[in-house]
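*Asks:* This note's numbering puts the first residue of the sequence shown at 1, with every later residue one more than the last.
To be clear, the hints were calculated from the coordinates, so they are not data collected in a lab. Ideal Cβ positions, reconstructed from N, Cα and C, are used throughout, including at glycine. It is possible that some hints are incorrect.
What the hints assert, rightly or not - Mimicking DSSO-like on lysine-lysine, the simulated pairs with C-alpha atoms at most 27 Å apart in a straight line are:
(1) Lys224 with Lys151
(2) Lys116 with Lys98
(3) Lys199 with Lys151
(4) Lys116 with Lys512
Claimed, not checked - Have a look at the derived ranges for each label pair, beta carbon to beta carbon:
(5) Asp248 with Asn135: 10 to 20 Å
(6) Asn117 with Ala473: 48 to 58 Å
(7) Lys321 with Asp649: 41 to 51 Å
(8) Glu221 with Asp649: 18 to 28 Å
(9) Glu192 with Asp57: 56 to 66 Å
(10) Thr85 with Glu124: 56 to 66 Å
(11) Asp687 with Arg448: 21 to 31 Å
(12) Arg392 with Asp687: 54 to 64 Å
(13) Ala44 with Arg392: 26 to 36 Å
(14) Glu221 with Asn117: 31 to 41 Å
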Amino acid sequence: MRNVHTYLIITCMFLLVPWSDVPVSFQEDTSQYSTQQPIRIRSAYSEFSWQQGVNDDIDAIQVIGEWDWETPLELSFDESTNTWTESIDLHEGLYCYKFVLYHTQQSEPDYQFDQKNAYRGYCEGIENSVIRVENHLKPLLSLEIEDGLPKRVLFHAGSPGAMMHSHNTSHESVFYWSSTTQSFDINHSNLEPGKHSLKIQVTDVDGYMSDDLLIPFWLGEGQKFQWEDALVYMIMTDRFVNGNPANDPPPLSEAAHGADWMGGDFEGVTQMIESGYFASLGVNALWLTPFNQVANGTGMAADNQHEVSAYHGYWPVEPRKVDPRLGTEEELQSLVESAHEHGIRVMMDLVVNHVHEDHPYVDEHPDWFNSGCICGTNQCDWTDRRLDCLFRDYMPDVNWKHRNASEQMIEDALWWLETFDLDGARVDAVKHVDDLAVTNLAMRINERFELAGTDYYLKGETAMGWSGDDLAANAEQYGTINRYIGENALDGQADFVLYHAVVDRVFIHQEKDYHHLDYWTARSQDQYVQQSIMVPYVGSHDVPRFISRADTGTSDAYNQWLDQGLPGQPGQIEPYEAALQAYTWLLTTPGAPLLYQGDEYGEFGGADPDNRHMWRDQNQWNENERTLWDSISEIGKIRLESEALRRGDYISVYQDADSIVWGMETSNSSAIVVMNRGQAETSINIDISSLSGQWDGDWSLLFGTCERDGQSLTIPAKSVAIFSDKTVADTDTNTNQTDDHIEPVQDANQSQNQSNQTNETSMGHNQSQPQFDDNQTQGNQSDSDVSNEIEIDVSGDLSFIAMARNILIIIVIIGLIFLLRPNKNDMG
């Protein structure tokens with residue numbers, strides 16, 4: 001009797017463990033689990049639907065597709081929803097298709113792309129919508145979001161009875177299997193603040209393996225990051241900081257002055273992250289020039305006289321290899337991990353228009369490339385032949401109309417983003433590729449990386465200009481840039497129109513006044529696609545340095561080569577005063593502003609490649625450079641902490657020839673910016689009735705010098721000021737903290753190599769298998785722990801049902817103890 005009593009107590013106590021909330025550790029015996037029926041079964045059919053407009057006169061709709069061009073699929077109309085739909089069972093693969101609309105008043109059918117699917121492709125030279133059909137027998141994983149974070153991964157069986165057999169995940173302690181809901185609960189409590197990229201994959205009892213589900217998200221950021229919060233710092237890696245001289249290549253004797261490799265590398269960038277340099281600028285996003293392996297040797301520059309190396313990264317020769325002159329894969333991973341630990345996002349630079357002639361795809365797939373002329377040569381206009389002309393004769397132009405070429409280029413881009421846990425990309429030379437290059441890439445990135453609600457930023461380069469003061473004359477400029485922005489397209493682009501309208505004309509040559517600055521700044525808010533996040537800039541790797549262009553003492557700012565004469569360091573303060581005006585404007589107007597490396601202290605230089613000097617540390621700055629850096633770094637940090645300056649709407653307040661005032665406002669925060677480029681102190685009266693902030697009381701002066709008497713402002717010559725209606729600390733909740741102290745960059749020869757770290761996004765190698773007993777679930781087992789011990793984790797919250805069950809069991813145990821306790825009369 002005592003043995004039975006003990007057995008019953010142990011059995012009942014074991015039942016207290018909540019079966020749906022313990023960490024998954026799958027076992028080989030799956031017999032009990034496989035007898036269950038799936039709650040969710042993925043559809044075996046591909047559905048096509050067309051939403052009819054209220055006034056559309058449509059008699060019938062068909063879908064014709066690559067699966068059988070000769071047999072149209074007839075769609076049925078649902079009057080209650082005004083929708084035409086039909087489904088079809090298709091084999092795995094890619095298929096071109098189009099909708100065929102038959103209108104009452106038209107004799108000819110109307111062929112249309114799919115309204116709901118932006119993926120495109122060419123079949124027999126004709127552009128079509130493209131559907132990607134997966135093997136419907138494979139299990140499917142989907143994600144549920146709660147309060148902005150991933151909450152649950154749902155299992156969908158590929159067929160009735162095909163239950164889950166095993167799983168593989170990058171973070172075993174994060175996923176908790178629930179056999180009740182046939183899903184994995186995600187526990188964030190074990191994760192540190194920062195970025196996390198979880199990955200999970202399952203196999204069913206029939207041996208079918210799901211596609212892995214990638215779940216990138218950030219924890220602990222307070223106010224959820226949006227890309228208009230970004231201050232983007234552009235790094236040309238080879239020209240930044242040399243953190244490891246061991247990977248420096250030997251010099252190329254044939255390379256022109258300034259056009260050879262100079263030794264910057266991933267370790268140098270990592271050292272700068274960890275020194276606090278970017279935090280001191282308010283920088284929270286890095287754009288690195290391409291780091292895939294590029295050509296050896298040199299190529300002829302556009303002038304056909306000087307030879308240049310591929311230090312810049314835009315001549316790729318390998319689709320998925322890191323250039324060893326910049327570092328190793330492990331060092332790139334360490335760079336990104338360090339950035340994420342410091343609250344910094346990292347963007348790669350995607351070269352999608354071309355490759356170098358030594359790239360393996362050129363020999364293996366010559367039909368993937370256009371055989372066009374050289375851009376800019378006779379009868380080969382850059383615009384007319386933008387899609388098939390070659391930038392150089394050694395740079396084959398990718399033919400995005402070729403399905404295999406386009407799919408491979410996208411797969412390569414996804415590989416880089418996933419392998420190195422990157423946060424977005426700048427897309428090079430957008431207007432030189434077919435539109436589908438942008439839409440298809442954006443769709444695949446959205447599908448792969450944004451399921452958890454984390455935005456991956458796609459910034460484009462569509463080089464345009466400014467066509468004069470008439471807004472209508474600039475319609476083509478804005479229209480071409482807008483062409484590539486939108487849902488399932490780019491999130492924003494470099495604001496070329498604004499750059500050409502104001503940077504030289506207002507800040508450098510001062511041929512235009514501050515009325516002009518206000519007008520074109522405002523136009524950047526209403527001429528681009530709604531919700532786009534544009535990237536305003538003052539300098540870049542493609543134009544001569546601002547400081548040299550603003551230096552009236554030099555006439556060679558646009559020279560490139562040593563034999564032409566190159567600009568030197570300005571000897572006067574005026575260029576730096578102009579830079580203060582320009583960068584104050586840049587950092588306090590809408591968008592995700594760009595700082596090109598070195599511009600923060602006023603690096604000098606002519607045209608490419610002279611605008612790509614090696615970055616200089618603070619020990620090499622003169623007094624003017626130090627003063628400029630102090631101002632830009634302070635404004636950058638103010639921007640980081642001010643919701644109004646990061647996310648606010650631009651509101652014109654006052655302008656005259658040399659003075660300007662504008663407001664930046666959100667519903668929670670308000671700021672006023674004042675600039676005077678004139679030679680003398682000026683006093684202005686402003687009307688702030690258009691601002692909704694709390695400006696009746698005291699104003700908080702965040703930066704600069706400006707006297708205020710009511711709504712009268714007096715600002716010194718060539719100066720700027722920034723006000724807030726409240727202190728930044730009281731109004732804003734950005735949790736990215738900055739540190740004014742900059743640690744010195746460690747000498748490359750003294751630095752130690754960082755240990756290799758496992759990429760957080762890589763899949764684990766342990767296959768675990770479930771035991772499907774709702775009464776008990778085994779805990780996690782490591783590779784070294786092969787014992788049969790059960791390790792139970794009850795850290796998850798108990799459900800109401802589980803709690804009620806446990807209470808009932810306790811009552812039963814008490815009753816059993818009372819009923820089965822030994823009787824004194826029976827004791828001998």
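*Asks:* Evaluate each hint against the coordinates.
*Replies:* Against the structure, the hints come out as follows:
1. The straight-line distance between the Cα atoms of Lys224 and Lys151 is roughly 17 Å, inside the 27 Å bound, and the hint therefore holds.
2. Of the pairs offered as hints, the one joining Lys116 and Lys98 holds, with about 12 Å between alpha carbons and a cut-off of 27 Å not exceeded.
3. Proximity of Lys199 to Lys151 is assessed by CA-CA distance (about 14 Å); at most 27 Å being required, the pair is judged to hold.
4. For the hint linking Lys116 to Lys512, the alpha-carbon distance of about 45 Å lies beyond 27 Å, and the restraint is violated.
5. Against the hinted window of 10 to 20 Å, the Cβ-Cβ separation of Asp248 and Asn135 comes to about 48 Å, which falls outside the hint.
6. At about 36 Å, the CB distance of Asn117 to Ala473 disagrees with the hint of 48 to 58 Å.
7. The hint said 41 to 51 Å for the Cβ distance between Lys321 and Asp649, and at roughly 45 Å that hint holds.
8. Glu221 and Asp649 have their C-beta atoms about 23 Å apart, which keeps the hinted 18 to 28 Å range intact.
9. One distance hint, 56 to 66 Å for the beta-carbon pair Glu192 and Asp57, holds here, with the actual separation near 59 Å.
10. Evaluation of the 56 to 66 Å hint for Thr85 and Glu124 yields a failure: the beta carbon distance comes to about 27 Å.
11. Distance hint for Asp687 and Arg448: a CB-CB separation of about 50 Å, inconsistent with the stated range 21 to 31 Å.
12. Here the CB-CB span from Arg392 to Asp687 is close to 55 Å, well matched to the stated 54 to 64 Å.
13. Our hint of 26 to 36 Å for Ala44 and Arg392 is violated, since their Cβ atoms are close to 50 Å apart.
14. At about 33 Å, the beta-carbon gap between Glu221 and Asn117 stays in the expected band of 31 to 41 Å.
In the structure shown, a violation is registered for the earlier hints numbered 4, 5, 6, 10, 11, 13, in ascending order.
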